[in-house]
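So the protein sequences, as listed, match chains A and B.
Reminder that position 117 of the first sequence reads as 117 in the numbering used here, one-by-one numbering, no gaps.
Reminder that position 133 of the second sequence reads as 133 in the numbering used here, one-by-one numbering, no gaps.
Just so you know, the hints here were simulated from the structure itself, not pulled from any lab data.
Note that the structure is predicted; figures quoted are calculated from it, not measured.
Think of the CB as a built atom: it goes at the ideal place given N, C-alpha and C, for glycine as much as any other residue.
Errors might be hidden in some of the hints.
Stated by the list, open to error - Which stretches of chain B does chain A cover? Using the computed rule of at least three CB atoms under 8 angstroms from a CB of chain A, they are:
no.: 1; stretch: 125-134
no.: 2; stretch: 138-147
no.: 3; stretch: 150-159
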Amino acid sequence: MRTRRALLGSALAALLVAPATARAAAVQRRAAAVEVRVLRDLIHAEDAAAEAYALAAQATGDPLLARVRDHDRLHAVALRAQIEALTVSVALSPPGSAARDPDAAPLAAARGLAAARRAAVVHEQARVAALDAAIGVLTDDGLLQTVASVMAAHAQQLAAVRLAAGRAPLGTGAA
Amino acid sequence: VVAVTGCGTRHDRPAAVGGEAGVLAGALGASRALIGAYAPVAAALHGSRARLVGELDARERAGAGALAAALRAVGRAPVPAPAGALAADLARARRAAAAGDGQGALHALADAQLAAGWVRLGALPLLTDPAHRRLVANLAAGGAGQQTALLAALGREPLPVAFAGLTPA
Chain A
1 MRTRRALLGS ALAALLVAPA TARAAAVQRR AAAVEVRVLR DLIHAEDAAA EAYALAAQAT
61 GDPLLARVRD HDRLHAVALR AQIEALTVSV ALSPPGSAAR DPDAAPLAAA RGLAAARRAA
121 VVHEQARVAA LDAAIGVLTD DGLLQTVASV MAAHAQQLAA VRLAAGRAPL GTGAA
Chain B
1 VVAVTGCGTR HDRPAAVGGE AGVLAGALGA SRALIGAYAP VAAALHGSRA RLVGELDARE
61 RAGAGALAAA LRAVGRAPVP APAGALAADL ARARRAAAAG DGQGALHALA DAQLAAGWVR
121 LGALPLLTDP AHRRLVANLA AGGAGQQTAL LAALGREPLP VAFAGLTPA
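Start from the sequences and build out the full structure, keeping to the hints where you can.
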């Protein structure tokens, strides 16, 4: 049989532990909300990128731009799978999303192969920077790896479009 | 390079053997191994290809310097030599370079960049410091861009697969 002192001790311990547990849960909820917001932004950006490359590829007939369009569509699919694993769904961006995205709009509006490739370089630099920033706030292991692989893909795309634009493949940054 | 001691969940990150320092040391080992292969490969090349490999060497040295500084800041850990695909690809690059086969050495270096990407991607979830995660992710991205530069120098498709070949399981 438990003594009154033991019962009081248990109750006191519960009172001390409960706020700490609640605080930890609140911190986890906030972290998860931040991750969802970051992931949603990345998905919309990949949608906009894919549409911008589709428009640029259609306008120029450049197979490289079409290839990047296909890869960006796959990035959006992979990121959607990640957010759905968090029981959140993100609808496909409506047509015109590229024109509304400040990073993708110049590529979507580019006319002529040289202009499109120059715009693609600037666009890829922005994508790498955005993904780098996202890595700093993500905590989920699978998310981290998926976003890092998308960032690596954009670093490759940056090198490829730099070359296509007549520049050295590697810029001054890490990627 | 790193070992996992448990099954992680969203908020239960697995601990790496050697902790944060051990994971950084593993990533540093991959960078040092790449650096060790660049000079012999560059010696087997001429012109723009030799200059490209020299540039990759300088970039890898900068990345290794950043990793070494991060490692010093968190503690000490032995820097392991890489194993698996990265070690095999780099050995192939050295053999090709020693035989005067610059083309073969470049192909092997491109493969080694992909293998190094896998090492870095594997290290990422084992790191706890966001700054370290960004550092390693940037090295993975930089390596992917360098792989594209190598593929283009070889006249190969610069974007052969999506996700830089680093699709997580």
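Results for each hint:
Counting residues of the stretch 125-134 of chain B whose CB lies closer than 8 angstroms to any CB of chain A gives 5, which reaches the minimum of 3, so the coverage claim holds. Proximity of the stretch 138-147 of chain B to chain A, defined as three or more residues with a beta carbon under 8 angstroms from a beta carbon of that chain, is established by the 10 residues found. Only when three residues or more bring their CB closer than 8 angstroms to a CB of chain A does the claim for the stretch 150-159 of chain B stand; here the count is 3, and the claim holds.
Hint violations for this structure: none, all hints satisfied.
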